[in-house]
Amino acid sequence: MDRWDLRPARDLGLRPMERLRSLGREAGLVSLATGGLWRRGVRAWLRAAHGFRVEGRENLPASPPFVLVANHASHLDALALSAALRGAAARRAHALAAGDLFFANPAASILSAYAINALPVWRGRSRRDDLMTMRARLVEDGLVYILFPEGTRSRTGTMAPFQPGLGMLVAGTPVPVVPCWLEGARDAWPAEARAPRPGRPLSLRIGAPLHFEDAPDGRAGWQAVAAAAEAAVRGLAPEG
Amino acid sequence: MIPHPPGGAFAHPVTTGIVVATAAVLALAGLAILLLSRSGRAGPDLRRELWLRWGSWCALLPLMLGPVLLGREWTVGAVTVLSLLCYREYARATGLFRERLLSAMVVVGILAVNFAALDHWYGFFVALWPLTACLLAVATIPLDRPSGYIQRTALAILAFLLFGAGLAHLGYMANDPGYRPLVLLLLTAVALNDVAAFTCGKLIGGAKLLPATSPNKTVSGALGAVVVTTTLVASVGALIFRGTPLANPVWLIAMGALVSVAGQMGDLLLSSIKRDLGIKDMGTVLPGHGGVLDRFNSLLLVAPAIFHLVGYFVGFGLLAPTRVITGH
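These protein sequence lines are chains A and B, in that order.
Following this note's numbering from start to finish, the first sequence increments by one per residue and tops out at 240.
Following this note's numbering from start to finish, the second sequence increments by one per residue and tops out at 1328.
Here are some, though not all, of the chain A residues that point toward chain B, as calculated from beta-carbon distances under 10 Å:
| hint | residue |
| --- | --- |
| 1 | Ala9 |
| 2 | Gly13 |
| 3 | Arg19 |
Ranges of calculated distance between the beta carbons of each label pair, as one might list FRET restraints:
| hint | chain 1 | residue 1 | chain 2 | residue 2 | range |
| --- | --- | --- | --- | --- | --- |
| 4 | B | Thr1213 | A | Asp214 | 47 to 53 Å |
| 5 | B | Pro1321 | A | Arg47 | 48 to 54 Å |
| 6 | B | Pro1321 | A | Asp5 | 44 to 50 Å |
| 7 | A | Arg57 | B | Val1108 | 32 to 38 Å |
| 8 | A | Gly172 | B | Gly1066 | 55 to 61 Å |
| 9 | A | Arg3 | B | Leu1111 | 31 to 37 Å |
| 10 | A | Leu131 | B | Gly1148 | 26 to 32 Å |
| 11 | A | Ala108 | B | Trp1054 | 31 to 37 Å |
| 12 | B | Ala1027 | A | Ala195 | 51 to 57 Å |
| 13 | A | Ala104 | B | Glu1073 | 39 to 45 Å |
| 14 | A | Arg123 | B | Gly1040 | 44 to 50 Å |
| 15 | A | Leu6 | B | Val1108 | 19 to 25 Å |
| 16 | A | Arg3 | B | Ala1059 | 35 to 41 Å |
Calculated from the structure, these hints are not laboratory results.
On a predicted model such as this, the values are computed, not experimentally measured, just so you know.
All residues carry an ideal CB built from backbone N, CA and C; glycine is no exception.
The task is simple: from the sequences and hints, build the whole structure.
Printed below as a string of structure tokens:
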């Protein structure tokens, strides 16, 4: 008789805190339930406090895996992008978040892992292995990554050039990259404010997916992916 | 009914005896490790390992014995939590947790069977085993994804039977007003059974029991554990079941042997699962032990086996009120 296809959780054998910070973290029933409640709460807040509107939802691929990329000016950005997703894509969406901020201590790690479903990216010391793990999981586990390729929140509202890390995740794979533009996030929750400011409008425009199956998986290809995604995101920005 | 003197949690001398003996063993073990550390004969790794294990026991024993002393509802509640923790580890190790719907159904089954125990409704308690198995068998059909059906359904039914139906027997015992000494005896006897197997194996050595399944177990350890555990359970059982049809040397010895054999079988059952998966421990919750399942595997089969043996001769809660929640 053939062996069954038994695949233990990728995070099996990690201590609880290590597990929360692990790039191999896989959600169980508790994570799915808390994540689902959190998303519903965030959606209700964004609708009520910021009149959140989504344009171009039909551009989202029918099912994971895919990568959402957007301009980054606020902590609301990742929340807004994950609130725009539905069904399996919403459950499998991981925001790639700065480890030094979102996984700085156990309390932050619990919130980031169980509610936001974030995966840590370590600024300045994200290793190639980490990116390779994320690249493999994207396809194998059918995930959605929410990624801000500028690398940090813009303090001025001007979008910075995209980093090539995005290319390392998708170059040469069939995974589509969906460009998005978030308008109003900097006013609604600027980087220098401690909490969001209700009443400021927030909207999301989703563009047509980009494909990088033929992009070479090397430095030149990664740069090309980043440049193409950056151009597509800029193309969604409102005139003026 | 298990004979029980009137009074509170400590009314039965066996209850007091087991709690005092457990505390004494823990204190002595701590002292022994301390002496061993001072003597300098143990390396730092061994010392650390011993202290970790001892610390885990210090945290674990109050969590195990406390609910039994507190009362029926606490006991059923603690068994429910234990079942869910065991299932969580099993689901993550086998990959069953990725089947969201099926996994939720196993949790529902575990909660239902423990509710039946809490309700003291034996008819529902036994009906839930086939009913839940059927539910698990049909739950994923509407997904229209036949690929992997046999594997996921089998994994789910095995999980429910081991961690839901099996362990729930331990909670159900609390419906008998005289449950405390028996449940405490089972909890401590399976732990002693593990220790006896380990110690006898180390002292006597000899042929391996099932080297492919569990390379460290020996035939001498298994037999030694049967002798030690049977002696203990039969002698304490004689005090618990005095005046009942079970208080007969043949049946008491059979009960003791059953605890030891079923305990070791539970251990080997988990070893087989781990070997098949190619993993060493089921979790990391208990430092020095591994996961919850690595500690409680021996109870999985002991609980239903002893339940039915005692049920045959004595019965559980035959005079206690039934359907305390759903009745009118």
